[in-house]
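Asker: Starting from the known structure of chain A, arrange chains B and C on it as the hints suggest.
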Amino acid sequence: MKPPPFDYFAAHDLEEALEPLAEGGGDALVLAGGQTLLPLLAYRLAAPTLLVDINGVAALQGISRVGDGVRIGAMTRQATILRDPIIAAQTPGLAMAARFVGHTQTRARGTLGGSLSFAEPAAEFPATALALGARMEVRSRDGARTLEADEFFLGPYTTAMAPDEIMTSVTFPDWGPDARVVVHEVARRSGDFALVGLVMASRVEAGKVVRTAISWFGMGPTPLRSLQAEQAMTGQAVSDLDFAALAELAVADTDPPDDIQASAHYRRTVARRIFPRLARQTLEAVG
Amino acid sequence: MNDVPNATRFVGQRIPRKEDRRLLTGHGAFTDDVPIAGALEACFVRSPIAKGRIVRVDAAAARQMPGVHAIYTVADFEPLNAVVAAAGGQGVNQPRMGLLAIDDVRFVGDPVAIVVADNRYLAEDAANAVLVDYESEDAVVTIAQARVGAPAHRELDNNLGVGARSADDDPELDALFAKAAHVVSHTINHRRLTHAPMEGRAVASVPTGAGELTVYVSCQSPQQMARFISEAFNLPNANVRAIAKDVGGAFGQKISPGREELSVIAASLMLRRPVKWAEDRLESLTCAYTGREQEAHFKMAFDADARILGGHIELHSNVGAYPAGIHANALVTTLFPGPYRVARNGFKSEVWYSNTTGLAAYRGPWAMESLARETLLDVAARQIGIAPEEIRARNLITREDQPYRMCTGPVLDHVTPRETLALALKKIDVAAFREEQAEARKKGRYIGLGMAVYVEPTTMATAGVLSSETAYVRIEPTGKVIAMMSTHSQGHGTETTMAQVIADSLGVPFADVSVVEGDSSRGGFGAGAGGSRQAVLGGGSARLACQKLLEKLKLVAAHVMNSQPEFLEVADGKISVRGEPEVFQTVKQIAQIAYLTPSRMPPGLELGLESQARYRPDTPIIFSNASHACTVEVDVETGLVKILRWVAVEDCGAIINPSVVEGQIAGGVVQGIGEVLMEDMAYDDLGNPRAATFKDYLTPTIHDVPLIEYDHLETPAKNEGGFKGVGEGGAIIGPPTLVNAIADALAPFGVELTQIPLSPDYLLKLLEGRTPAHAG
Amino acid sequence: MSEHAIEVILNGRPVRARVESRRTLGDFLRRDAGQTGTHLACEHGVCGACTVIVDGEAVRSCLMLAVQADGRKVTTVEGLEASDGSLHRVQQAMQDAYALQCGYCTPGVVMTLAAALEANPKPTEPDLMEALSGHLCRCTGYQGMMKVAKRLAGGGE
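Protein chains in written order, with the working numbering: chain A, 1 to 287; chain B, 1001 to 1776; chain C, 2001 to 2157.
Only chain A is shown next, with the shape it has when bound in the complex (with noise of 0.2 Å):
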């Protein structure tokens, strides 16, 4: 379990990191945390000509407030958005999240950009991300642009971004101060990916859902919203909202796959039997 042969550069800055990407032609890959992308190449799942480690980068760091929320550099470190005091205030379903990313000592290095790049269908945050309604920002030698959520994720570990393109920044857009999120997973063991994941963020005013989004993580190729039901939702007082109901609209978007951890049965009736509590959870304490 040794990685393959490969060249190693580590840029200073962005610039720097996006020209050898350029001339990559694929082969060469981006350095983040590298708490996945280490497990790949031990086990040589994954041939790079060159790593671009961009670990020294400072222009992806910081976590500020922008305009209509939050922007986080790609390479903050998943220990960090766990205790940013920014992030707890802005947009805490994000740090939620992160509680149920690996272990202490990857979240040390493991950062949200590499998480959200690499696109693990079972993972925490690219599921946040998608039910936030999050903005990549990404760039390559020929410029930047930015990719909402919903646009991102194409299949499994597999993204909108081009080879040649790193992700600089993530804003996550403000849900308003009476915004509630619910981050919820079933996972055999801590630190393990879900079997089932949810996310989902709602505005209630008057009684009435203004707005909601559910994302699920660890039910399909990607992480899915459940359209339908966010539909059906909307703009109902929560007061008259058929939970059950709901939960099998909300499955019904979801694709789970069958593996050595549990059936895609498993996943959907487990799915269907939490969606109502955490739905309600996330709705009835806005009040």
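Don't take each hint at face value.
Said to hold, decoys possible - For each label pair, taking beta carbons as the anchor points, the in silico distance ranges come out as:
| no. | chain 1 | residue 1 | chain 2 | residue 2 | range |
| --- | --- | --- | --- | --- | --- |
| 1 | B | L1686 | C | R2013 | 27 to 37 Å |
| 2 | C | G2012 | B | L1686 | 33 to 43 Å |
| 3 | B | H1703 | C | G2154 | 19 to 29 Å |
| 4 | A | T146 | C | S2002 | 45 to 55 Å |
| 5 | C | P2126 | A | G155 | 34 to 44 Å |
Unchecked claim - Covered by chain C, according to a simulated footprint, are these stretches of chain B (three or more residues, beta-carbon under 8 Å):
| no. | region |
| --- | --- |
| 6 | 1149 to 1161 |
| 7 | 1340 to 1354 |
| 8 | 1698 to 1709 |
Derived by calculation from the structure, the hints in this document are not laboratory data. All residues carry an ideal CB built from backbone N, CA and C; glycine is no exception.
Answerer: Frame of chain A; chains B and C shown alone:
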């Protein structure tokens, strides 16, 4: 060692372990930690398919890669005339076996070639460049397939490795079942697990000088390793030195060298250079010996009062392609009656080969006897309508019954199944729990109580290599005591426990005793760890050696002190006349005389203070016993299980170090928790292992286990010191205790649990469509 | 494959070496720097045995390249013991609680707890338990480690 609680008596005390300092400060000496100048590193080219012919191996390009010293297939090892075979007795259908694959591959991971390079990185680069063409064939993976499929081993007629049965016709047993008021049958389909020691297998083979070979090897007994290696390569035993100072867990996986260890040794002999191999986790999970996979069908006949009349167990084992040993696992049937009055028992056992990784002993390899019996008793209690503690109370043997000859042969004596169960149930408070359970059920919460009772055959004194151990104890001129033991620790703490026994036996300070293990050139022959017998045989041999040594010490001291040996006593390293502690000689003073001052020795007495003893108890099997109880909550929404409490009451005779004993129990119980809840070495239809990472092969974390509550009974057996073994019991009794608790929790749903592990997926499937009966 | 000159402050002393890009920090510590107390037990970041402290944080040394440790302070289990030979309080607590058996996973556990205490001298028991959840032990059933977490919580000795 500044907090040793009692300066004159060490056995029975919670004494800090001598092993800990080096292990806590990073100075342990695990195989791959030993610096060896010029060592090359090996890795293996392994089969990606479960079964097929090797058409062609092309290593030409790989041999030219940087840092590569050699790439060998089995044909290259022919000059060594190595002998490799799985242990197996009469009636065994034994497959052909080579150090590496011969003409065909028989499981995914079967080693086809060994690559030796400057380091492991380069070795892996080259291994990936070795081109092997295979002609793939249909593999047999499951027991069902093995029964009807083509042979996993082409030279054999079928897949039955060995079969055994009590009798085709047993009218007496049939009659017991015929007259029974209740016949209760149950099935357990126990899937495969693996040992997953934190340190994988590891070997560093160092040819030194003419025909001499030093082998650092992660194992359970360096003496056994030296024996196996010397036999495999036909080397004089004295020329082979096996060293295993620290070993990162073994649990039965490291009793005998695997084909990989032997291939690394072969490569070092071919190259005449040191070669090392540290198994990585991918190899450890998918290619190292595995454990357990069994289907068991069993039944018991009960009379109208729920008293057991007779039993029968049928066992089918999948042992993979190349198991570490091939036998019918007769202990499962022997022990199926357990500590209960059972008049007659029948059995059938069939052992099947398949195109999967081979099986080896795993902590309590016969454990199905307890899992089967104890789960069956709970099923029976539910069917008959009595409490699980009641069905046990009606059938457990009493002190008055002992010695009790089991219908299967062994004699139970000095065991306390009733007493331990009573204590465990008191501690867990059954009545209070049942109230809590009834309340919980009303609220839709499902909590359950499980219990299990068993006897553990420790120290099988008729079982070949397991029957004895040896100790060579000497007092040096420094006054310090050195004991060369054939015991071995892979975490067992024998450096500490043996020193406790020796310090007490000689009357010297614990700190003055050093126990040397882990080097075949220093200790005498013995099996080391395996069969839960080191306390008994190591402790016994140490005591015998010390008794002889003490006699001589007193002889010399009496001569020096103008006294008689029978008037002397030794305590805290001082020899004094009984009743006159102020007049003494130190052990060191006497030792110096014994070695350095012949003129002061008693006339005719041999110089020195040295003694050796090999111990084998008179009793064929020394049984320890325990009763455990635990409580759980099953989340019926997700199928996840939370363990609430765990009580362990064991009786392993005289306890040498309670903390070490509790450590053995806890380790076994938690492996049992993993076994029941999550460990699953699954294969797909093609024979590919599906758990190749620690994200897929799940073992318990700190959040998955309770803090275990202990109670100890100490009923000595009739053997030297009264010690009994305790190494495997937790892993034997843990699983039925937990399964019974989960079954109890789910009793309102009317389901019985027939698969291990009880994955959340399995539990939800079982509960699907069922509604709980009204809580009574 | 590129090679890189690195200088690591290892247990307080500078260590210079040339390493291949792909060499993991764990292999560098064990093979190049002779610090074999750090054990590699899974090499894919799950088991925690290889945990070391890099610039004050407990990290998996199998999930970091040696070249990435250039210019950083790395502490391994060998660096915890005081110069007078007395054990670090984590080590002492581990011994007192019989928190180890075979000792293979132990160095990683010790480093995680040492880092936790360094970051917060008065950690809570759940904090320490959470940190310990990233370690697999196959011998002890974690019984001693749970006691250690309790003992070290709140800055207790």
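Asker: So, for every hint listed, does it hold in this structure?
Answerer: Cross-check of the supplied hints:
At roughly 52 Å, the beta carbons of B/L1686 and C/R2013 sit outside the given window of 27 to 37 Å. At roughly 53 Å, the beta carbons of C/G2012 and B/L1686 sit outside the given window of 33 to 43 Å. Checked against the hint of 19 to 29 Å, the C-beta distance between B/H1703 and C/G2154 comes to roughly 20 Å, which is consistent with it. At roughly 34 Å, the beta-carbon separation of A/T146 and C/S2002 lies outside the given 45 to 55 Å, and the hint is violated.
At roughly 37 Å, the beta carbons of C/P2126 and A/G155 sit within the given window of 34 to 44 Å. Interface restraint, the region 1149 to 1161 of chain B with chain C: violated (0 residues with C-beta to C-beta distance below 8 Å; minimum three). With 0 residues having a Cβ less than 8 Å from any Cβ of chain C, the region 1340 to 1354 of chain B misses the three-residue criterion, and the hint is violated. For the region 1698 to 1709 of chain B, the stated coverage by chain C is satisfied: 8 residues place a CB nearer than 8 Å to a CB of that chain, which reaches the threshold of 3.
Hints 1, 2, 4, 6, 7 from the earlier list are contradicted by this structure; the remaining hints agree with it.
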